[in-house]
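Asker: Heads up: the sequence lines are chains A and B, in that order. If you're matching positions, the first sequence starts at 1 in the numbering used here and goes up one per residue. If you're matching positions, the second sequence starts at 1 in the numbering used here and goes up one per residue.
It is worth saying that the hints were derived from the structure and are not from the lab. There may be inaccurate statements among the hints.
Said to hold, decoys possible - Quick partial rundown of chain A residues pointing at chain B, CB under 10 Å, derived from the structure: (1) Ile-391; (2) Ser-430; (3) Lys-435; (4) Thr-443; (5) Thr-455.
Only a predicted model underlies this, so the values are computations on that prediction, with no experimental measurement involved. Ideal placement from N, C-alpha and C gives every residue a C-beta, glycine not left out.
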Amino acid sequence: MDYFLFLMQDLAYKVLAIGAFILPLCMIYKKKYQKLDWIILWILPLVFDQVYVIGVVIFGGLGMPVVSSIEILSIFTLVSTIIWNVVRKKGLKDQIGLYLLIHVEGIIFSLGFSKILLVATKPSHMTSYIVLLFLLLFQIGLAAHNGRFIQLVRREKRSILFFLFLLIVISGVYFYQIIYLHFFSGQAVRIIVEGSQTELNSVRLSSSVKLFFGFLGAVMVLAVIVGRYLWLSASYKEKKAREQELQNYIEIMEVMQTDIRKIHHDYKNLITALGGYLYEEEDGVDIPGLKAYYLENVLIQKETELKTINLSKLQKIKILELKGLLAAKLIKASQQSIQVSLEMEDSIEQLPMDKLDLTRMLGILLDNAIEATAPCKDPEIRVAFIKNKGITLLIIENTTENKHISLTDLNRSGFSTKGSGRGLGLHTLSEIIDKYDQVYQETTVMEGNFQQRITFQDANFEGKEVRFL
Amino acid sequence: MIHIHICEDSEHQIKQIHKALKDSCALVSEDMKIVTVTRKPEELLDAVGRSHVVNVYFLDIDLKHKSMNGFQVAMKIREKEPFAYICFVTTHSEMSYLTFKYKVMAFDFIIKDTYENLKRDFLSCLWAIHQQVGSLKNNEEEYLELDLFHEKRVLPMDSILAVEVVGNHKIKLYTDTQTIEMSRTLTNMKKELPPHFIKCHRSILINGKRITRFDSSTGKIVVGDQVEFYTAIRKKREINQWLEKRG
Chain A
1 MDYFLFLMQD
11 LAYKVLAIGA
21 FILPLCMIYK
31 KKYQKLDWII
41 LWILPLVFDQ
51 VYVIGVVIFG
61 GLGMPVVSSI
71 EILSIFTLVS
81 TIIWNVVRKK
91 GLKDQIGLYL
101 LIHVEGIIFS
111 LGFSKILLVA
121 TKPSHMTSYI
131 VLLFLLLFQI
141 GLAAHNGRFI
151 QLVRREKRSI
161 LFFLFLLIVI
171 SGVYFYQIIY
181 LHFFSGQAVR
191 IIVEGSQTEL
201 NSVRLSSSVK
211 LFFGFLGAVM
221 VLAVIVGRYL
231 WLSASYKEKK
241 AREQELQNYI
251 EIMEVMQTDI
261 RKIHHDYKNL
271 ITALGGYLYE
281 EEDGVDIPGL
291 KAYYLENVLI
301 QKETELKTIN
311 LSKLQKIKIL
321 ELKGLLAAKL
331 IKASQQSIQV
341 SLEMEDSIEQ
351 LPMDKLDLTR
361 MLGILLDNAI
371 EATAPCKDPE
381 IRVAFIKNKG
391 ITLLIIENTT
401 ENKHISLTDL
411 NRSGFSTKGS
421 GRGLGLHTLS
431 EIIDKYDQVY
441 QETTVMEGNF
451 QQRITFQDAN
461 FEGKEVRFL
Chain B
1 MIHIHICEDS
11 EHQIKQIHKA
21 LKDSCALVSE
31 DMKIVTVTRK
41 PEELLDAVGR
51 SHVVNVYFLD
61 IDLKHKSMNG
71 FQVAMKIREK
81 EPFAYICFVT
91 THSEMSYLTF
101 KYKVMAFDFI
111 IKDTYENLKR
121 DFLSCLWAIH
131 QQVGSLKNNE
141 EEYLELDLFH
151 EKRVLPMDSI
161 LAVEVVGNHK
171 IKLYTDTQTI
181 EMSRTLTNMK
191 KELPPHFIKC
201 HRSILINGKR
211 ITRFDSSTGK
221 IVVGDQVEFY
231 TAIRKKREIN
241 QWLEKRG
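So that you can see chain B by itself, here it is in the shape it has in the complex (with noise of 0.2 Å):
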């Protein structure tokens, strides 16, 4: 169950939101509904916490409110509720967007428009609201957190590709769609992870799963679609076995 709240201090324009949501959200999935639609930050912080559904907030940013604006009360439901889908509505086209997004972890940003424009804006935030939800609930998936400076990273353990030493007490972690630097040892790191982690060099630990190809007389090791590695040559044999094993 999805349970919506929306938090929007003009009259005329909590309106249209509501109506466009209705729309979008019966388009999306008949999981999905409409349970706050308020003009008081108060009211709807008064629900957060207290149910144990995925609650979605649409908050406005600019809340003509004595002692906060939306971003404010973004904050306090994030206090309560860390996995609770946050998105501002607004009409600043000048907001901070990635401030907000890293602050709040805000989900999505919806311009106010006209009533297609919103409702089509809705209705793809909704749908991947929807599938992300849905692909939470269903799979057995192994997960890498990380504790990244204040931020807590949740990584699939099937898309991390490979861990390199960079620096001093640094290293960077490659996964399909990201490359991340942080502070730590490879040997901690390997702690964390799955043995089928190996390590192919001194400094570099790689995913054996996802191995497409290996060339022993080069050394040369590609994991995932293009991340290209050198063995050394102490390790390649540990590499052979491994990938006859795998089959």
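Excised from the complex, chain A in its bound form (with noise of 0.2 Å):
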């Protein structure tokens, strides 16, 4: 019965432990997980560590495990929820920061904490305990400002150097806390956080170190596996879209070739018929004919001239995903016969965004103008690219037929004025959006009118400040 109560007590002690690297992320990403992704990043580490605890039972034949100290649940925990955000696909790459800080927070927090009150009390299980309620508390105090600091390194392009300095003092805590104080100490250990005050010698310890370094290799060596086939695959889809975008460009432009060769035709045609007209006959010319001929032809012309686009802007876009994705909707449009017109004076070279996100959100804006404008009497599309000082302004205007539209729906997740489940472009456009300081969005309803305005402010405008935490 004492044995039960004493594994009962430190399952509850391991829970609450998951729980203080677990509550700081569930406080930043609210949004992007569900229940039952807590759920499960709370489970995940509790089962790695049973299993843990049984393969030191079964394989160390000691008896009772020896370390399941704070150090050994992190550990656990960064390893499942990498694992997890691996298998659910979330950008790893945001939040692999994140995870290290809070985990570097949590130890360094309670070793410390756990040395002073070593150092003023005999510990015991209470002691753990009130570690253990501090670090949930401060790390839930820290985990608001971790997002922001996070956010800081990010922008300042030092993300790499941050990453490698966390790996080191992590790297750093364990090897002082699981080898250092084994092989170096050569006796017995007392683990201080666990709190079970037994006197452990460096046998036993050693035994329950490498199995626990042999389990820890396994899982990484899995993770790493299922990493690089989902990083690949994703890839290869990528490769795979931009080679379909390219395809699609260059037969654009054939057609367009081939358009254009059919107008200079037509115009030659034309001109060689005006000249019948003025030589016809040998005493002069025939104005009543030629008059007639005018009206009827020129101006016909005129107007299937209108319908095809000014490609030739695009060269002034050096971003290459941006060019092959502007050409691809506005020839889309065209088609529909919409009518489109660019505008770029100036030659766009760089733009304070991640490629990816760019497309994305550029992607949205131009499928949402398409579908807007398209059931219009007069459907047309307008997008320009302006610089002026320190910014850079894109404007996507097309007509619509709704008149009320209101701009808060606009912004609501799932709105839009197809039905409902077909709005989510919006949403995540303004998701985008809310990932970068320096671009802000502008939207603007006016009678039969709709335009969206991003404007991207360059890095080093004047007006800038820079904040920290």
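Hints in hand, dock the two standalone chains.
Answerer: Next comes the structure, spelled out in structure tokens:
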């Protein structure tokens, strides 16, 4: 019975300890995960830990497991969070820094606090709970700032250096806690945070540590294999999509080439015919015939000419992904007999946005514009890139039929004038834009007109302030 | 008094434009007068900035002039008269409409066409100007002036519904017809707004005059037609008090 009680206590302690690392994440990624994700993230480390414990009991032949201090739970939490992220295909790149940060904070704090407690009082189970409680509060208090801190690091383009630093700190702490204490002190070690005051001899500890690293290694290898597989398939898909885009672009260019040849040919005929009227009669020009011919043909020509779009302006865009997307969408629009105009006075070399986000954003904006303007009486889309001191503007304007679109509706998830479930694009759009501090969105509803404007602030814009935490 | 100026280099077209404008002027208001009709941009620029009336300029974009096209003329006018109305008259259908609108704050674009179409377009353009000038003259409404990157925006206070924090040092302003994001803090914004803008949440400021519905059990608050927010529990009493006071 005593043993059972001890097990329950141990379990409660572990749940709490994992919570110390999971709760701050919960606070930051409230929207990103569902409840199920959180439950799994909480349970997964526990499962790992239990597997590890059983492994120790079976293979170590030592009876009770030895090391189950907060560092080990932290490792399990970290590994399981990363695995779960890879499996669910959430953007791991953005979050890994945050995970590491939270773990470093947690471990350093718990170590520091437990050392203080050790000096102040005799360690017991009570102290370990106090440590955890403080850890929990501290972690939650920090959680709100962690997000900002990561953002700052990313803005200053120091991400890799920062991650490296965190990794070094983590491995240093682990080295000290697990390896150094054991191998170099060579004598019995008291595991403080766990609170069990058993004196452990180094043989037991050693086998336990070996087993732990064996287990960790296996998990890591598994994670790398799964991650690599997923990453490869994702990059393959992306490559495929790019190729398709390029293919479309080439096809469109070919079609336009033939179109231009046709127009050229038509004009030649026209001129020749005009010449005919001029020189038909020996004594002069057939003015009435000429006039009739002119009215009949030249005016019709004028209309057909307007339909072709001026894609030559696209060469001013130096961002390849953007160029391909713009060409594809604008041509798609003109195929639906939407009047398209593109304005680009200056060359666009770079924008302060990730290329994938940029293309996603532009894709959503253009798709929405096409969808909204297609059923209109005179469908029209205007796209303009304008450069001004320190900023680049992207304006997309289209004619609409709906005169009463409410603006919040447009930003609300799931809204679309096309019925429910189709407006996710706009929600994604504001999510993308909210990620960037130097990108601003502006939406204007006018009568029969709808305008989206995106302002990109250059990195060295004079009015920009750098803020810390 | 509204003064109209025309600059167009083709002899034939200037006559047509002049006639169409004169006819539509007469229909809109007696207050409008065509002052300058010229083929040379220098002549036009000489007169700019002298008189203290509302000036409306109709410019051809493709001026066949050695050093200036219509756009550059417009830029020069804009330098001297930040509030003048500039309209472009053009044959292009492929001109940079949005760019001109942004860079010289062009008011309207009129496509050269038959006399009838031209007159119709002039009429609607002049009518819009007439109404805008009239509404600016006789009202005591408060306005919010915003400096957005290089643009000055003037928004009527009553059209502003709410201000929300959306990011790091980034706020979003909701009006009846617009949402505008800008780089500013909510605290700074609150200083520029009158006291009837109240906080219903740490990161949301709403126009107290425009609250249309408030459900104190769920905390849902509707501002203007459809803009919805949720109030913080601590702020519910404040909002109820405000609504009682407003009646």
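Asker: Which numbered hints does this structure break?
Answerer: none
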